[in-house]
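K.L.:
Numbering of the sequence shown is given in this note's numbering, commencing with residue -15 and proceeding in unit increments.
Keep in mind that a hint or two might mislead.
In silico DSSO-like links for lysine-lysine, alpha-carbon gap of 27 Å or less [as the list claims (entries may be wrong)]: (1) Lys83 x Lys67; (2) Lys87 x Lys32; (3) Lys157 x Lys52; (4) Lys83 x Lys52; (5) Lys67 x Lys52; (6) Lys205 x Lys128; (7) Lys128 x Lys87; (8) Lys88 x Lys41; (9) Lys196 x Lys128; (10) Lys88 x Lys38; (11) Lys196 x Lys157; (12) Lys41 x Lys7; (13) Lys141 x Lys88; (14) Lys141 x Lys83; (15) Lys88 x Lys157; (16) Lys52 x Lys74; (17) Lys206 x Lys141; (18) Lys32 x Lys7; (19) Lys38 x Lys67; (20) Lys115 x Lys83; (21) Lys128 x Lys41; (22) Lys7 x Lys205; (23) Lys205 x Lys157; (24) Lys205 x Lys67.
The set of hints was computed from the structure by calculation and includes no laboratory data.
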Amino acid sequence: MIRDRDGILISMNRIPEPECTQKRLQEVDRNFLRLIAIGEFGRKFPEKHSDLPKFCKETNRLIDSMIKFISDCYPPDEQRIFKIYFFSAKRTVKPFCTKKRTKKLQQLLELGPCLNTIINQIDCLDQLTNKTRELIPYQIGRDKINYACCYYVDALKCAENVLNIQCMTNNAKDVVLDLVRSIGGDMVNFACGDYTESTDRCDHIPPLPKNKFDKSVKVDKKLRSIAFAQIGMVESMDGFSAEP
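Between the sequences and the hints, there should be enough to build the whole structure, so can you do that?
P.N.:
The structure is reproduced here in C-alpha cells:
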C-alpha cells in the first residue's frame, strides 16, 4: 500500500483506468480484419498441421484484445452488436483450432495452398464494409438493415466469383463460402428476415433514395472492418453514439 498526494492509502494492485483511445480503436479494427483472414489485411491460412499452433495462438490473442477493448470502452447495447461479429468470426476459424483431426480440418488444410495464392486479393468483405458504411448518411430508418443484408448477399456472390480459379475444387469452394457465411451468420439470422441469399428479395430492393441522403453526416472511413461499419450504421439509425 502507498499513499496518494492527499494522504489516502491506495493499493499498488489497483486496476488502471481503461485506455479508450482512437489509437486503440484502430488497433482493434485491424485485429478484426486479421482475425477473419480473408482480404488485404488478413493472414495466411494454415497449410499443414504444424502451422496450427501459431495460427490458433494468434486467433486467441486477437479475440482477447478485442473483447477487452469492447468491454472496457462501450456500453452493453453496443457490446452485444460487436460480440455478434467477434464470435461469428471466431467460429469461422474455430475448425482450425480443434484438438481433434476432423474431416473438416483436413479439408481446410488441403485448400490452404490454393486459397493463400489469392487470399489478399479477395476484396468482397471490403466491398461489403464500404457499402454498409455508405448507408450511414441516409435517413431511411430501419430500412437500412434490408440494404445491409442485401450487401451481404452481394459479398457471397462476389466470393463465389473470385474463387473460380483453377486450383480451387468445387468442394473447396463450398468450404470457403461457408467460412464467409459464418462471418455474418449470427447477424443475418438475427436481423435479415427474408433478405438473404435463399430468397429473391434483394433482386427487387429499390435504389437508395437520393432525397434521403444527409450531406451533413460525417462518416469515419479510417475504420476498415465490417464490425465497425455495422455499428456505425446502427448508431445512425437509432440516434445513439458508441464513441469510446
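K.L.:
For every hint, state whether the structure bears it out.
P.N.:
Evaluation of the provided hints:
no., hint, in the structure
1, Lys83 x Lys67, "24 Å, holds"
2, Lys87 x Lys32, "14 Å, holds"
3, Lys157 x Lys52, "34 Å, violated"
4, Lys83 x Lys52, "26 Å, holds"
5, Lys67 x Lys52, "11 Å, holds"
6, Lys205 x Lys128, "18 Å, holds"
7, Lys128 x Lys87, "39 Å, violated"
8, Lys88 x Lys41, "20 Å, holds"
9, Lys196 x Lys128, "12 Å, holds"
10, Lys88 x Lys38, "19 Å, holds"
11, Lys196 x Lys157, "39 Å, violated"
12, Lys41 x Lys7, "23 Å, holds"
13, Lys141 x Lys88, "23 Å, holds"
14, Lys141 x Lys83, "33 Å, violated"
15, Lys88 x Lys157, "13 Å, holds"
16, Lys52 x Lys74, "15 Å, holds"
17, Lys206 x Lys141, "26 Å, holds"
18, Lys32 x Lys7, "35 Å, violated"
19, Lys38 x Lys67, "24 Å, holds"
20, Lys115 x Lys83, "38 Å, violated"
21, Lys128 x Lys41, "37 Å, violated"
22, Lys7 x Lys205, "15 Å, holds"
23, Lys205 x Lys157, "31 Å, violated"
24, Lys205 x Lys67, "21 Å, holds"
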